[in-house]
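Colleague: So the sequence shown is numbered by this note's numbering: it starts at 195 and just counts up by one.
Errors might be hidden in some of the hints.
[To be verified] Distance ranges between label pairs, derived from CB positions:
hint	residue 1	residue 2	range
1	G375	A209	33 to 43 Å
2	V378	D302	11 to 21 Å
3	A354	P269	36 to 46 Å
4	P335	L268	34 to 44 Å
5	T277	R197	39 to 49 Å
6	E334	P299	14 to 24 Å
7	E374	Q349	36 to 46 Å
8	P269	A345	24 to 34 Å
9	A354	V265	34 to 44 Å
10	R319	V265	45 to 55 Å
11	W376	A245	24 to 34 Å
Don't read these hints as lab results, they were simulated from the structure.
Here a beta-carbon is modelled for each residue, glycine too, at the ideal position from N, C-alpha and C.
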Amino acid sequence: MTRLAPSLPAAALAARLHNGEAAIIPTDTLPALATAPDQAQLLWELKQRPAHKPVILMAATEGELWQALGVEPLPAWEALARTHWPGALTLVLPARSSLARQLNPDGDSLGVRIPACPAALELLRCSGALATSSANRSGEPACLTAAEAQACFPQVARLAPEPWPTPSGQASTVLRWQPEGWTVLRAGAVVLRP
Numbered sequence: 195m196t197r198l199a200p201s202l203p204a205a206a207l208a209a210r211l212h213n214g215e216a217a218i219i220p221t222d223t224l225p226a227l228a229t230a231p232d233q234a235q236l237l238w239e240l241k242q243r244p245a246h247k248p249v250i251l252m253a254a255t256e257g258e259l260w261q262a263l264g265v266e267p268l269p270a271w272e273a274l275a276r277t278h279w280p281g282a283l284t285l286v287l288p289a290r291s292s293l294a295r296q297l298n299p300d301g302d303s304l305g306v307r308i309p310a311c312p313a314a315l316e317l318l319r320c321s322g323a324l325a326t327s328s329a330n331r332s333g334e335p336a337c338l339t340a341a342e343a344q345a346c347f348p349q350v351a352r353l354a355p356e357p358w359p360t361p362s363g364q365a366s367t368v369l370r371w372q373p374e375g376w377t378v379l380r381a382g383a384v385v386l387r388p
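Full structure from sequences and hints, please.
Modeller: What follows is the structure, given as structure tokens:
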């Protein structure tokens, strides 16, 4: 019988993340798998996800995310972030940092987000920015609760306290910046008006 990983408070879970482990965390949209950015390969392994599919970076502050890009943020990026963060909007932005290459090995961009979930934000303040992806195996439906995520990944510790607040159950909206403006990569929880 598989021994279940524990549910841990933010500081203890952050320490495990910095020691090279993965974690399951709540967000405002769907439960997520998270690792320290330099351990992002664990996300691909746990999810059995093709390595060319990028993961995103979540943080507690805009400054952490802008710094991770390795490029100066444009006013258009900052305006959208001010309007929708914390929230269910992922921005895929040009990036030139080594961190971006770790999370998106085949690309020159990085997906970034600040979740609107107090428990996740508390963890992110303790841990710093984290590489994240939805808590499910690649190609399978997303887990909607801590219990579903635990059943899928029994060896991965979770953020306490549980039960978590009920997430929206809808993935984040994903926008990609291109020189001509924004392109919707995935419609999701945030509905943007033209």
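Colleague: Look at each hint and say if it fits the structure.
Modeller: Verification of the supplied hints:
At about 42 Å, the CB distance of G375 to A209 agrees with the hint of 33 to 43 Å. Evaluation of the 11 to 21 Å hint for V378 and D302 yields a pass: the beta carbon distance comes to about 20 Å. Between A354 and P269 the C-beta distance comes to about 39 Å, which sits within the given range of 36 to 46 Å. Distance hint check: the CB atoms of P335 and L268 are about 35 Å apart, consistent with the given range 34 to 44 Å.
The beta-carbon spacing between T277 and R197, approximately 44 Å, falls within the hinted interval of 39 to 49 Å. About 22 Å separates the C-beta atoms of E334 and P299, a value consistent with the hinted range of 14 to 24 Å. Distance hint for E374 and Q349: a CB-CB separation of about 45 Å, consistent with the stated range 36 to 46 Å. In this structure the hint that P269 and A345 lie 24 to 34 Å apart at CB is violated, the actual value being about 44 Å.
Between A354 and V265 the beta carbons are some 37 Å apart, a value that agrees with the proposed interval 34 to 44 Å. Distance hint for R319 and V265: a CB-CB separation of about 25 Å, inconsistent with the stated range 45 to 55 Å. Separation of W376 from A245 is about 27 Å and conforms to the stated range, judged on CB atoms against 24 to 34 Å.
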